[in-house]
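K.L.:
Residues per chain, in single letters:
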Amino acid sequence: MKVTIELFGASRDFSNQDSIEIDIENNSTIKDVRDKMLGYLHSNFKGNENFIKIVNSSVFCSKDNIISDNYKITNHEKIAIIPPIGGG
Amino acid sequence: MLHTRVVDIKDKKLSIIDAEKFISSSDFGASIFFSGTVRNQNNDKSVTGITYDSHDALVIKSFKEIYNEADQKLKIKDKAVFIEHAKGFLNLGEISIIIAVACKHRDEAYVLSRYIIEEIKKRSPIWKKEHYQNNETDWLKGNPIQYEKN
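Protein chains in written order, with the working numbering: chain H, 1 to 88; chain G, 1 to 150.
There could be a bad hint or two in this list.
[What the hints assert, rightly or not] Think about it this way: if two alpha-carbon atoms lie no more than 16 Å apart in a straight line, the pair counts; the simulated EDC-like pairs of lysine to aspartate or glutamate are:
id : chain 1 : residue 1 : chain 2 : residue 2
1  : G       : LYS61     : H       : ASP64
2  : H       : LYS63     : G       : ASP56
3  : H       : LYS46     : H       : ASP69
4  : G       : LYS141    : H       : GLU21
5  : H       : LYS46     : H       : ASP64
6  : H       : LYS2      : H       : ASP64
7  : H       : LYS36     : H       : ASP69
8  : G       : LYS129    : H       : ASP13
9  : G       : LYS75     : G       : GLU65
10 : H       : LYS72     : H       : GLU49
11 : G       : LYS64     : H       : ASP69
12 : G       : LYS141    : H       : ASP13
13 : G       : LYS13     : G       : ASP71
14 : G       : LYS104    : G       : ASP71
15 : H       : LYS78     : H       : ASP23
16 : G       : LYS45     : G       : GLU136
17 : H       : LYS2      : H       : ASP35
18 : G       : LYS77     : G       : ASP107
It should be emphasised that the hints constitute simulated quantities derived from the structure, not laboratory data.
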């Protein structure tokens, strides 16, 4: 199944688009999505260490809720990656 | 009484006048206006502007939570609060955030204003990309949102 990951902050450098779409197994969790994203970075950015740090230090959200690594993704669900923050 | 908004800088600039109109009331004897602006230096680099990015839904949710917490944690019941944050590219000196608070007394107003900006820094999903004189850019590192992963 597919999941769309909206990109924010430093993760916008992962793509020229506002989001990336990745294929995941049925019943995948956010932990699986995080692993898939690391694979995507290895394939597309030769394992850029800064990008890997961003993924490992980010949380994810669905609509306006932060979700845990055990959260199960549904097909075609849109989630967002929330890298470390610093507004104001 | 609360006003919150993430303002796309393409639509309008943040305005202290808007904030003053919202919090103005004879119920309150103390008002504090805080604005954050884009400065020209950071980490020994010459900054020419900042692009702000925002997850709008989460940002507005965090503003409301911070406001509601003020009731419980700070025991400040009677208040007017105006919070706007900009997103998009801002030039030097332009306003990125306005927090205006009005309370009955000055002690409450100072405490509330400081509480809101510090909590926004910790909890609201907003990011800064600095632009430098050599045309390079850099996303500022920031702090991870504290959340139990499992």
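K.L.:
Hint by hint, note whether the structure agrees.
P.N.:
Results for each hint:
Restraint check: the Cα-Cα separation between G:LYS61 and H:ASP64 comes to about 7 Å, which is no more than 16 Å; the hinted pair holds. At most 16 Å may separate the alpha-carbon atoms for a hinted pair to count; H:LYS63 and G:ASP56 meet this at roughly 10 Å. A threshold of 16 Å between alpha carbons decides the hint, and for H:LYS46 with H:ASP69 the separation of about 25 Å lies outside it, so the pair is violated. Taking the CA atoms of G:LYS141 and H:GLU21, the gap is near 25 Å; set against the 16 Å cutoff, the hint is violated.
Restraint check for H:LYS46 and H:ASP64: not satisfied, since their Cα atoms lie roughly 32 Å apart, outside the 16 Å limit. Distance restraint check for H:LYS2 and H:ASP64: the Cα-Cα separation of roughly 20 Å exceeds the 16 Å cut-off, and the hinted pair is therefore not satisfied. Restraint check for H:LYS36 and H:ASP69: the C-alpha separation of about 13 Å stays at or below 16 Å, so the hint holds. Among the hinted pairs, G:LYS129 with H:ASP13 is consistent with the structure: their alpha-carbon atoms are about 11 Å apart, no more than 16 Å.
For the hint linking G:LYS75 to G:GLU65, the alpha-carbon distance of about 15 Å falls within 16 Å, and the restraint holds. Distance restraint check for H:LYS72 and H:GLU49: the Cα-Cα separation of roughly 27 Å exceeds the 16 Å cut-off, and the hinted pair is therefore not satisfied. Proximity of G:LYS64 to H:ASP69 is assessed by CA-CA distance (about 25 Å); at most 16 Å being required, the pair is judged violated. Taking the CA atoms of G:LYS141 and H:ASP13, the gap is about 13 Å. The hint holds against a cut of 16 Å.
Our distance criterion of 16 Å between C-alpha atoms is broken by G:LYS13 and G:ASP71, whose separation comes to about 30 Å. Between G:LYS104 and G:ASP71 the alpha-carbon distance is near 14 Å, which keeps this suggested pair within the 16 Å criterion. Distance hint between H:LYS78 and H:ASP23 is fulfilled; the C-alpha atoms sit about 13 Å from each other, no more than 16 Å. Between G:LYS45 and G:GLU136, the direct Cα distance comes to roughly 11 Å. Compliance with the 16 Å bound is thereby established for this hinted pair.
Proximity of H:LYS2 to H:ASP35 is assessed by CA-CA distance (about 15 Å); at most 16 Å being required, the pair is judged to hold. With a C-alpha separation of about 13 Å, the suggested pair G:LYS77 and G:ASP107 falls inside the 16 Å cut-off, and the hint holds.
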